[in-house]
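Engineer: Chain residues, written in single-letter form:
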Amino acid sequence: MKGRWTDEELDHALRLLATQGRRPTAPAVLRRYPADVVARPMHRPWLAWPGSWRSERRLLVALAVAGLLLALSAGTLLVGSNLLERFQQLLHDPSALTPSGIEVVTPDTGVYDRVVSDGDGNLWAEGAGRLVRYTPATRTARTWTVSDDLRFAAGGVSNITPARAGGVWLIGERTLRRFDGTGFRESVDVGATIAAAVEAPDHSLWAATWDGYLVHVVGAALTRISDAPLHSPSDVSAIAVDDAGRVWCGWWLESEGGIESGWLSRYDGSGWVNLTDSASARLVGGIRSITVLPDGSMIVTSSLGATRLRDDSWTDLSASRTADSAAMAPDGSLWIARADLTDGPVTVEHLIGQSSTPFGPADGLPGAGQPIAMPSIAVTKDGVFVGTSSGIYELGAGRWGRVWPATIQPGLEQVVVAGEQSWGSSEVTFSSVVAVSRDEAWAPRWKTFWHFSNGSWTALQAPDSRVAKNLLPTADGTLWAIVRSADGGVGAAFELQGNQWVQMASAPTALGADASGTVWVAGADGASPAGTIVRSFAFDGQTWSERFSTTPTALVTGCLSGVAVGGDRSVWLGSSGGGCFPWQPGQPGLARYRNGSWELVRPSGASATVAIRDLVTAPDGSVWALGWDPSVASGSSTLGRRTWVARFDGTAWTVFDAHDGLADVVDIALAPDGAVWATTFDGLARLDGTAWTSVVHGLPLHSIDVAPDGTVWVTGDFGVARIAASLTRR
Amino acid sequence: MLRVTAHEGTQREAEAEAEVFCRLVAPAIDASYQLAGYLLGNSADAQDAAQDAVVKAWTSFGSLRDRALFDRWFRRILVNVCRDRLRRRHRVRWVPLDDPADDPEAGDPFALSLARDAVGRALEACSPDERAVVVLHYWNDMSTADIAATLGVPQGTVKFRLHTAYAALRHRLEAASKEAGR
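Those protein sequence lines, which keep their order, are chains X and F. Taking numbering that gives the first Met the number 0, the leading residue of the first sequence gets 0, the next gets one more, and so forth. Taking numbering that gives the first Met the number 0, the leading residue of the second sequence gets 0, the next gets one more, and so forth.
Please note: incorrect hints may appear among the correct ones.
Said to hold, decoys possible - Some chain X residues well away from chain F (every beta-carbon gap over 12 Å; in silico):
#, residue
1, A63
2, D567
3, D659
To be verified - Distance condition first, Cα-Cα at most 20 Å in a straight line; then the derived EDC-like pairs of lysine to aspartate or glutamate:
#, chain 1, residue 1, chain 2, residue 2
4, F, K158, X, E8
5, F, K158, X, D6
6, F, K55, F, D116
7, X, K380, X, D294
8, F, K55, X, D35
9, F, K158, X, D10
10, F, K177, X, E8
11, F, K158, X, E7
12, F, K55, F, E16
13, X, K446, X, D716
14, F, K177, F, E123
As the list claims (entries may be wrong) - If you want the ones that stay clear, here's a sample from chain F, every Cβ over 10 Å from chain X, calculated:
#, residue
15, A67
16, F69
17, D70
18, R71
19, R84
20, R87
21, A144
22, A147
23, A148
24, V152
25, G155
26, F159
27, R169
To be clear, the hints were calculated from the coordinates, so they are not data collected in a lab. Idealized CB from N, CA, C, for every residue including glycine.
Take these sequences, add in the hints, and give me the full structure.
Structural biologist: What follows is the structure, encoded as structure tokens:
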């Protein structure tokens, strides 16, 4: 090392160090930060004193705060904790956004088929796990996700409707919340699951609820109207209020054969009028939307076309074609949007008097092969916009162009999956997440393994174009993958060697690893199709080779959900059921291989019927199982039935269930510190020894995994997210 | 029902102000992150400092009369935040909660960049004020006059801090040299 340094040499060395040093770009979370900051309520100083008084002001404010705290403490001692709690409630601004610590990292998939305009000329869209406000005048957009506030939870927001006081109403499961771009200004709990809602010209709210009521909200008062002619309350698909205060409700029913039917009824404050039979033949189709136009007329769109009611007479606008959404331009012309229900191209029709101008994929609108979703159209003072499952499009100079999102990462567009696509669930979600570190994770989605690393996503196609099911990165850098055929049939295990997938086992559907790095796969045995076999593969520094296999067993078959190896080298196998879904009564779900033979296992204290959703091994060799009791036949969701989490320490079981404060568990994962993490229908919970602690509340979550560095990753309707360290730290 | 009344006019003004702020601060984020990174020596502190600076800038945005001077104004806020953090480091000794073997700065772009050179490592010997001047001068390529304007101090003070920074660096480098020679 150099001994003496002159100023010139230091100058040269520093200049060299600075010019050759790295110039890292700021992380995405930091880029978003200014937008987050300005969205919070601004706390200006409440005393505007002259600058020269600044130091005195600080001192006085500090003294005032100290005095207040002293008074509070004394008051608390005197009258108990109620005073402090009430004071805290007064200080808390319920309208302010509260960052949730759920750091959503999934890129925008562009599914924005619900678009409305507000009175300020902004366009609002909901979908893709995001709420978007697009301002056409400045061509700027702002998005919000559950990262900004849990009240944006995509799973809890089914639609949006314009708010006359500014912004939009987010229609949640039971709640209507008005968001104006800076905070949640109003919140209404209608007391039942909402099918559709709208704000009336008099600022009152109307909501159709699944329990068969029409609910009218005026201020703090709720009126439930019970004599609604509801053929099926849950299928109220559209609601509108005209200038006279009459409420229009449209129904959309679909039989098993796919035949749609609908009804249109009007509530005038004292009773209902059924308009379906008398109005127009078009209305017997399933009703998509009811739009009250500025001229007082209204348009009803249905599976059989668009119909306009003006001066008590109905006019068919567009015959024999499905119409999804309608809007009126300031010049009085009409715009109608629709999507082809077979392969998805979006078309828009512009009606001026008797003439019609059609627009389709040749004019820039999303073409065939798009996911099936109903487009919605909105007209602002700045133009015509249509929200689709491929983004928000604007008409300019005779052509449509996408204005949001600016780009969609190739491969992350929505895909049409025959047999799996259904109304209300147009997104193919990430099926699981595999956590590597705070900056790295894998997430399988349809036929791709997505890799998140240092802020960007890359796609790795699943072998043989099969459906990506599960992935396991091993310590030597190998990727093990489980895939299955698109029809849900047999799976296969592959190992990625360089750029080539190499098939290692023919039909496994479960994948796991033990503490030594040995990979375990389980699936149907090729020699005896009725049986299940578990194989292990070990890496010798150069290649992976099979080391061990169990005897085939017919005890546990069907949809294998997990394979794990206990501390005593016993092999555990879990299955979620004989035919995957629905559950076949009597099918065993958990088995153990020990000393050359298989045995069925039921955790003592667990419900009689055992179905296993996940199996993991803890560092101490204990085995954890997530199970549920399919025999509790309440509700339509298998996951919604009674669930439990059980630990087998080699000699005894400890079972945790709803009695321990943990209901509706979806997935579990073990952290390096020994904590057990669970995702539930309600959020995220951690088991510390014997007690569950709710870490995130009010956000339905799907899969979970914990990285070796302790970072918790989850998936949900919003996509993929990591949990802020501040939430997961004990 | 919970009903919170908003003053619509005020709200629109606030939204416009927020848009202006975001437009001004967005292009400065990368440079701010880099400046904070080399001032503080690691990415985590840089992110925290940049976030603190954004909050401070937003809460006092109304006091910035000439928006054309935003960059310089924001840089001054950032440097002050970083200097405060450096000073706190001298007062507070942080005890790692994790395994001491897990070096939180392993793989950190700023820590790696500084650690690869003896002069970079010796920057720790500088006081917060000296380090601010050195980083602004070399990493941000600013003249002493520009640094003076940014920090709000006389140009002579900047030159003096540069001079004392050289002395601190020289002292640390020569001490390290002797240590290596033993």
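Engineer: It remains to establish, for every hint, whether it holds in the given structure.
Structural biologist: Hint check:
{"no.": "1", "hint": "A63", "result": "holds (19 Å)"}
{"no.": "2", "hint": "D567", "result": "holds (28 Å)"}
{"no.": "3", "hint": "D659", "result": "holds (28 Å)"}
{"no.": "4", "hint": "F:K158 - X:E8", "result": "holds (17 Å)"}
{"no.": "5", "hint": "F:K158 - X:D6", "result": "holds (13 Å)"}
{"no.": "6", "hint": "F:K55 - F:D116", "result": "violated (34 Å)"}
{"no.": "7", "hint": "X:K380 - X:D294", "result": "holds (16 Å)"}
{"no.": "8", "hint": "F:K55 - X:D35", "result": "holds (13 Å)"}
{"no.": "9", "hint": "F:K158 - X:D10", "result": "holds (13 Å)"}
{"no.": "10", "hint": "F:K177 - X:E8", "result": "holds (18 Å)"}
{"no.": "11", "hint": "F:K158 - X:E7", "result": "holds (15 Å)"}
{"no.": "12", "hint": "F:K55 - F:E16", "result": "holds (15 Å)"}
{"no.": "13", "hint": "X:K446 - X:D716", "result": "holds (18 Å)"}
{"no.": "14", "hint": "F:K177 - F:E123", "result": "holds (18 Å)"}
{"no.": "15", "hint": "A67", "result": "holds (19 Å)"}
{"no.": "16", "hint": "F69", "result": "holds (12 Å)"}
{"no.": "17", "hint": "D70", "result": "holds (14 Å)"}
{"no.": "18", "hint": "R71", "result": "holds (18 Å)"}
{"no.": "19", "hint": "R84", "result": "holds (16 Å)"}
{"no.": "20", "hint": "R87", "result": "holds (18 Å)"}
{"no.": "21", "hint": "A144", "result": "holds (17 Å)"}
{"no.": "22", "hint": "A147", "result": "holds (18 Å)"}
{"no.": "23", "hint": "A148", "result": "holds (20 Å)"}
{"no.": "24", "hint": "V152", "result": "holds (19 Å)"}
{"no.": "25", "hint": "G155", "result": "holds (17 Å)"}
{"no.": "26", "hint": "F159", "result": "holds (13 Å)"}
{"no.": "27", "hint": "R169", "result": "violated (5 Å)"}
In this structure, the hints that do not hold are numbers 6 and 27, in rising order.
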